[in-house]
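Residues per chain, in single letters:
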Amino acid sequence: MPQADWRTALRVIAGFLAGLAIWILLTPLYDRVIAAGAQATMRLFEKPKVTRLEPGADQYVTVDRADFDPRSKRPDIPLRDLTFNIVLLTALFAASKRPFSDRNIGGFLISLVVLALTHVLGTIVEVMSIYVAKLGMWSTVHYTAFDRNVWGVANHFYRLVLMYAIAFALWWIFRDPATAAAAPAAKAAKKKKKR
Amino acid sequence: MQRNQVLFLVKFFGVLLAAYLLIAWSPVNDHVIVPFTRAIATSSGALLNAIGQKVTVQDTTISSSRFGVNINNGCNGVEAMLILLASIAAFPASMRARGAGLLLGAIVVQVLNAIRIVTLYLLGAYHPRLFDLFHTAVWQIVIILAAIGFFLLWSARVAPSRLANRA
Numbered sequence: 001m002p003q004a005d006w007r008t009a010l011r012v013i014a015g016f017l018a019g020l021a022i023w024i025l026l027t028p029l030y031d032r033v034i035a036a037g038a039q040a041t042m043r044l045f046e047k048p049k050v051t052r053l054e055p056g057a058d059q060y061v062t063v064d065r066a067d068f069d070p071r072s073k074r075p076d077i078p079l080r081d082l083t084f085n086i087v088l089l090t091a092l093f094a095a096s097k098r099p100f101s102d103r104n105i106g107g108f109l110i111s112l113v114v115l116a117l118t119h120v121l122g123t124i125v126e127v128m129s130i131y132v133a134k135l136g137m138w139s140t141v142h143y144t145a146f147d148r149n150v151w152g153v154a155n156h157f158y159r160l161v162l163m164y165a166i167a168f169a170l171w172w173i174f175r176d177p178a179t180a181a182a183a184p185a186a187k188a189a190k191k192k193k194k195r
Numbered sequence: 196m197q198r199n200q201v202l203f204l205v206k207f208f209g210v211l212l213a214a215y216l217l218i219a220w221s222p223v224n225d226h227v228i229v230p231f232t233r234a235i236a237t238s239s240g241a242l243l244n245a246i247g248q249k250v251t252v253q254d255t256t257i258s259s260s261r262f263g264v265n266i267n268n269g270c271n272g273v274e275a276m277l278i279l280l281a282s283i284a285a286f287p288a289s290m291r292a293r294g295a296g297l298l299l300g301a302i303v304v305q306v307l308n309a310i311r312i313v314t315l316y317l318l319g320a321y322h323p324r325l326f327d328l329f330h331t332a333v334w335q336i337v338i339i340l341a342a343i344g345f346f347l348l349w350s351a352r353v354a355p356s357r358l359a360n361r362a
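Respectively, the protein sequence lines represent chains A and B.
First residue of the first sequence? That's 1 in my numbering, and the numbers climb one at a time after it.
First residue of the second sequence? That's 196 in my numbering, and the numbers climb one at a time after it.
Hints listed in this document are in silico derivations from the structure and should not be mistaken for laboratory results.
All clues stand as given, with none of them false.
Cβ-Cβ distance ranges computed for the label pairs, FRET-style:
{"id": "1", "chain 1": "A", "residue 1": "LYS49", "chain 2": "B", "residue 2": "SER238", "range": "49 to 55 Å"}
{"id": "2", "chain 1": "B", "residue 1": "ARG261", "chain 2": "A", "residue 2": "PHE100", "range": "44 to 50 Å"}
{"id": "3", "chain 1": "A", "residue 1": "PHE45", "chain 2": "B", "residue 2": "ASN224", "range": "30 to 36 Å"}
Here a beta-carbon is modelled for each residue, glycine too, at the ideal position from N, C-alpha and C.
Starting from the given sequences, assemble the full structure and let the hints guide the process.
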């Protein structure tokens, strides 16, 4: 591997470790923001507005509804399982030859905002997948088999691959093309066009 | 954003969704993914036994008196292989280059995945407090980064040769 690639690898490792540390430190606060966003969004489509997402101290968010039996156990969701692609995004932006350039930092910040929006959507999908399939008779009475398939597949798709694909796509869109790792391909394509 | 970037992303997400639906389809899951995961469990169990851990493998579960891990989707490297497949399929290259990239990339991902399973088992057995962090975030990101890194190296390599062939 050429020397420049080792430097890229070192930058990626540094970005990965920095992203991991920030994610671990900010997760309790970030979980509250995402839970509040998901709750507000879900309530926009609810009549009456019944969903309540309550972050706990144990990094789980409790899913509650005003129409649940008060004696029944409330399901929990580990939001960290839906948000750790922040670490991937940080590592990818750190791969740039000038990671602290205005363009790279700007792209990273825009990507973070978009990623946070996808975390809100991912949380809604997670909550819906609980509503449609994991609450026994209540789920059967309130939702159809089609609902269960749609929300179940959406949730599994997000968790298995989409959350990584989103981080990769955001980096692909907002990276600094002049200093990105795949620059040789872009340069060759430009030369060919000029000819 | 340039037109070719948009095209790449549209193809990338299209292939990713199609490939996901294929592997999530019960007959494919039962006859391809589950036996594949079982083979990963068997080979990882053999690796653990080779380094002195006395483990037994049953179906997709590796266990001993100390600890046990069940290998599911998300821990079998298939997610990273799907990202790799989608990105290589979306990038303009010859079928031969794509085939070679996919084969080599899949080997890289699966070698790393075997190391992931072995280290996760060892963490669970000897440092259980670290298991969750490494299981949820660290190894998952490392495997995906490896797949993306492989794709970037592959794309930088095949793009000039593809253009040269056309010229």
